[in-house]
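Protein sequence lines correspond, in order, to chains A and B. This note's numbering puts the first residue of the first sequence at 25, with every later residue one more than the last. This note's numbering puts the first residue of the second sequence at 162, with every later residue one more than the last.
Think about it this way: if two alpha-carbon atoms lie no more than 20 Å apart in a straight line, the pair counts; the simulated SDA-like pairs of lysine to any residue are:
1. B:317 to A:369
2. B:450 to B:387
3. B:450 to A:370
4. B:450 to A:304
5. B:450 to A:361
6. A:421 to A:303
7. A:421 to A:313
8. A:302 to B:448
9. B:450 to A:374
10. B:450 to A:319
11. A:170 to A:263
12. B:450 to A:377
13. A:147 to A:169
14. A:147 to B:220
15. A:290 to A:417
16. A:302 to A:425
17. A:421 to A:294
18. B:450 to A:313
19. A:290 to A:234
20. B:450 to A:367
21. A:302 to A:419
22. B:450 to B:388
23. B:450 to A:372
24. A:421 to A:310
25. B:317 to B:387
26. A:147 to B:173
27. B:450 to A:368
28. A:147 to B:174
29. A:302 to B:442
30. A:147 to B:221
31. B:450 to A:371
32. A:302 to A:395
33. A:302 to B:450
34. A:147 to B:175
Just so you know, these hints were derived from the structure itself, not from any lab.
Here are the chains, one letter per residue:
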Amino acid sequence: MIGTKCHVENPPVCTTVDVWLHGLGHVWGYAMTDSTARVLDLAGLGKLIDALTTRGFDVYGPQVRDGVIAHDLLRSVDDLPIGVTDEQSGGSYRLASRNDDARFGYAVGPDSWKSLLHPPRTKVWTMTRSATGALEVEMAETEPAKRAFLGMKPCELAAIHKQDRVLLDAEHPDPSYGANRRDVFFVVVNCGDPAETCFCPSMGTGPGAGPGFDLALTELVDGAAVRYVAEAGSVLGNDVLLTIADSAATEADITAAEAVVTEAEKRITRQLDTNGIKELLYERLDSDYWDVVAERCLTCGNCTLACPTCFCTNLEDITDLTGEHSERWRVWDSCFSLDYSLLGPAPNRSSASSRYRQWLTHKLGTWIDQYDESGCVGCGRCITWCPVGIDLTEEVKALGAQS
Amino acid sequence: MTTTSTTPLALSPLLVPRPYEVIDKIDETPGITTLLVTPVDGALPDFAPAQVSMLGAFGVGEAAISISSTTRATKHHAYTIRRAGPITNALVDTPVGGQITVRGPFGNAWPIAQSDTRHHLVVAGGLGIAPLRAALDELVNRIERFDRLALVYGAKTPDDLVFTEDLADWKMQGLELDLTVDVGNDEWSGGVGLVPDRLAPSSNASSDGVTLDWADTTAFVCGPDVMMHFTALRLIDLGVRPERIWLTLERNMQCGNGLCGHCQLGPVLVCRDGPVMSYADIGMFHRVKEL
Numbered sequence: 025m026i027g028t029k030c031h032v033e034n035p036p037v038c039t040t041v042d043v044w045l046h047g048l049g050h051v052w053g054y055a056m057t058d059s060t061a062r063v064l065d066l067a068g069l070g071k072l073i074d075a076l077t078t079r080g081f082d083v084y085g086p087q088v089r090d091g092v093i094a095h096d097l098l099r100s101v102d103d104l105p106i107g108v109t110d111e112q113s114g115g116s117y118r119l120a121s122r123n124d125d126a127r128f129g130y131a132v133g134p135d136s137w138k139s140l141l142h143p144p145r146t147k148v149w150t151m152t153r154s155a156t157g158a159l160e161v162e163m164a165e166t167e168p169a170k171r172a173f174l175g176m177k178p179c180e181l182a183a184i185h186k187q188d189r190v191l192l193d194a195e196h197p198d199p200s201y202g203a204n205r206r207d208v209f210f211v212v213v214n215c216g217d218p219a220e221t222c223f224c225p226s227m228g229t230g231p232g233a234g235p236g237f238d239l240a241l242t243e244l245v246d247g248a249a250v251r252y253v254a255e256a257g258s259v260l261g262n263d264v265l266l267t268i269a270d271s272a273a274t275e276a277d278i279t280a281a282e283a284v285v286t287e288a289e290k291r292i293t294r295q296l297d298t299n300g301i302k303e304l305l306y307e308r309l310d311s312d313y314w315d316v317v318a319e320r321c322l323t324c325g326n327c328t329l330a331c332p333t334c335f336c337t338n339l340e341d342i343t344d345l346t347g348e349h350s351e352r353w354r355v356w357d358s359c360f361s362l363d364y365s366l367l368g369p370a371p372n373r374s375s376a377s378s379r380y381r382q383w384l385t386h387k388l389g390t391w392i393d394q395y396d397e398s399g400c401v402g403c404g405r406c407i408t409w410c411p412v413g414i415d416l417t418e419e420v421k422a423l424g425a426q427s
Numbered sequence: 162m163t164t165t166s167t168t169p170l171a172l173s174p175l176l177v178p179r180p181y182e183v184i185d186k187i188d189e190t191p192g193i194t195t196l197l198v199t200p201v202d203g204a205l206p207d208f209a210p211a212q213v214s215m216l217g218a219f220g221v222g223e224a225a226i227s228i229s230s231t232t233r234a235t236k237h238h239a240y241t242i243r244r245a246g247p248i249t250n251a252l253v254d255t256p257v258g259g260q261i262t263v264r265g266p267f268g269n270a271w272p273i274a275q276s277d278t279r280h281h282l283v284v285a286g287g288l289g290i291a292p293l294r295a296a297l298d299e300l301v302n303r304i305e306r307f308d309r310l311a312l313v314y315g316a317k318t319p320d321d322l323v324f325t326e327d328l329a330d331w332k333m334q335g336l337e338l339d340l341t342v343d344v345g346n347d348e349w350s351g352g353v354g355l356v357p358d359r360l361a362p363s364s365n366a367s368s369d370g371v372t373l374d375w376a377d378t379t380a381f382v383c384g385p386d387v388m389m390h391f392t393a394l395r396l397i398d399l400g401v402r403p404e405r406i407w408l409t410l411e412r413n414m415q416c417g418n419g420l421c422g423h424c425q426l427g428p429v430l431v432c433r434d435g436p437v438m439s440y441a442d443i444g445m446f447h448r449v450k451e452l
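The following block holds chain B by itself, in its conformation from the complex:
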């Protein structure tokens, strides 16, 4: 029971945790699991690609997790979670049929409709692919809008790549796929090395990696801070305009409503103003260590 009747300001539903049932679990890699969840009561809320929810494990706490399902999935949301501590462990250990709580979705979206360049690049590092999955799905669905659509996706090892069925599907539909790992194995035929190093100058079209018309390219980038930093610098070096480089930021999100202060990155409250920001706006702060 909520007590909105005695609350002078209407209580935002985003402040109230809502029970969701885990309807399925998919083990993606050792340590990464996708939960499919649906509200116990009422309708599944709409979301936009890149939005984040606060997932709660009873008695343990909440963690900010991006929605990794596509906007076409209307019966459930997916959250792809890495075991990183007590909260994420408890979330992942919730059995099918068990309940978690969800607040959200929070934040803004990848500017998919606004992308007006001929070429479009998506760069994912590690689990940074999760908040990009819905965006990739929408981009591939409108692939005729672009002359070229490319994804550079890096992981530690081939076994750490997730959503491999989607990757194959998107590739069939025309996505140029460039996979790279830190350490390969005998069967590995993709790249080995860091994500920024897969991005090559237009004048060097024969090189290994991805070469686009960088002056006419929009980029969506998601991954660890250091990966996004060097990717953005590389893209600017190649000639991509900073306002066309979009990062999705991660900070210690707690309240999700801009009230608790934790997710600040310079002037930005990530939950309120982000998570998606253009490098033109956030670069001068994102580049600063420990900011």
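So that you can see chain A by itself, here it is in the shape it has in the complex:
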């Protein structure tokens, strides 16, 4: 359940953000006529891209860019990373070759899909001042974008649902995020290749996909051959699937697909004990241990940029040289920046320890009070992309060991 409010008047009856978000063909959770799992080969995957394109979606998918797996417009299956995996550990990420032709044989790169839904820079309004000093405000256009995200990992879908709760299930929802978010078609690929930094089972977000996708694929790799077991999670997903795949998955296919996820889960050893974690963090607000972390933390904010749920933004005004036009831009902000906590002329959180405490306590503790769930999906990006390899799961353990 995401929301309780809805501002759409047509279609006429609309009670939750879920229904709004999925109301235009994306409804999931009601009976579908033919939702049997199906099998796609590589050509079938190509047909999926074509079918989505024909339906008006700009299809985005993972691609190798600048030495990492990033997301970009996908024209064909040949754009996908072929036979590539990622090796991740605290402060380290590199791509490596696989001994097969898997297209989705890696965990997650530094870019999360939030770059597309909640972009780093968004214009909010333009303001004009006349010669008499009169002000006129023009809000920025928020045209709905019709995009398909192909190849997202289950933790990334979970992250989008967390941002939905923050930015849409609000008394005054974010119109820009709403426009970007409304028509997204989600093609999740169940995770068969978690990184050493992953801990999604602790957060309940993977390696198998939770609800909210239009299509979920599981990649079955046999050397150079790849096949995909596909299941629909929405009416639209089912419609699309029926047009591209006519062969139902066999019992053996489904068993193999399930094994991909169960084997992946077995390989994930990193854990975060979430039992009572909010209470633990609240009890440790005064702990000296934050100073110990701060000896390592550079307060660079990389973790907040890489995190797929971090949503904080700063509002910046710029003026042109005539002095008659002003623009307001919303840009990603980080709780590690000093300006973030300005209270009057000075920052409230001037010490590094207070800023690390804010980030960790918000992500894993106060988020639960604010949004009834954790702010973490266990994707491990904050560990990988921390220049000094600070590992939040280890820091929570250390805090737990403090008295």
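Given the coordinates of chain A, work out where chain B should sit on it, guided by the hints.
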């Protein structure tokens, strides 16, 4: 022109800055000015005491400022602003007849109607009096509800006290007024010292300062964090129940809609959940330095 027609979610008016005209300016003290503003088009929105707006200066930015007029003023809102940086300077420097933008009002209100104790205390530190002005006006207007209504108001010097005409007016209507300053002058006859030190035990009725039946008192407190912290601790020490101590919180408010994350204080988003919170709810977070 707004583009709500293409926006899938209705655009909240609170996200859209609205031009307001400055109709008057009152210099309260050197450095503190009250702007009286009214919308260029359309009606003045209602507000509740303690609510905050985002005031925008063209090309400079927005600052969160409490409404300092009373709810009886229906032609304008007042914002009492201290010069603290480029934005507040630009706001204060807007000439009469010039325009600023306003988004809001945001946030919740002082629980004036819910106050069911015989005694009621208001504590203001510095410009913390601004968001209390409408509350004081409403409290004084219903003063018969209380056996005693008291205000402790502290400032740096006698010259830093604002709303002095209101103070005299409220006092005439029965408000017990206790003023205190850090540094007095030759004419100063009020207290000298910190606000919490003006609050005295019930057993010591002859002492300087304010003595109420603390077990039957509700308190509204607004001022700098450190002042609110020690005032709340003092009140609890005297016997006021934590759920009857109400603070109005200040954090780096930007969007005003709970979307930008800046105004967090522990689990609270000040613009969404506050600014008024009971000490019972926020004390364990408010007491923590740099939280």
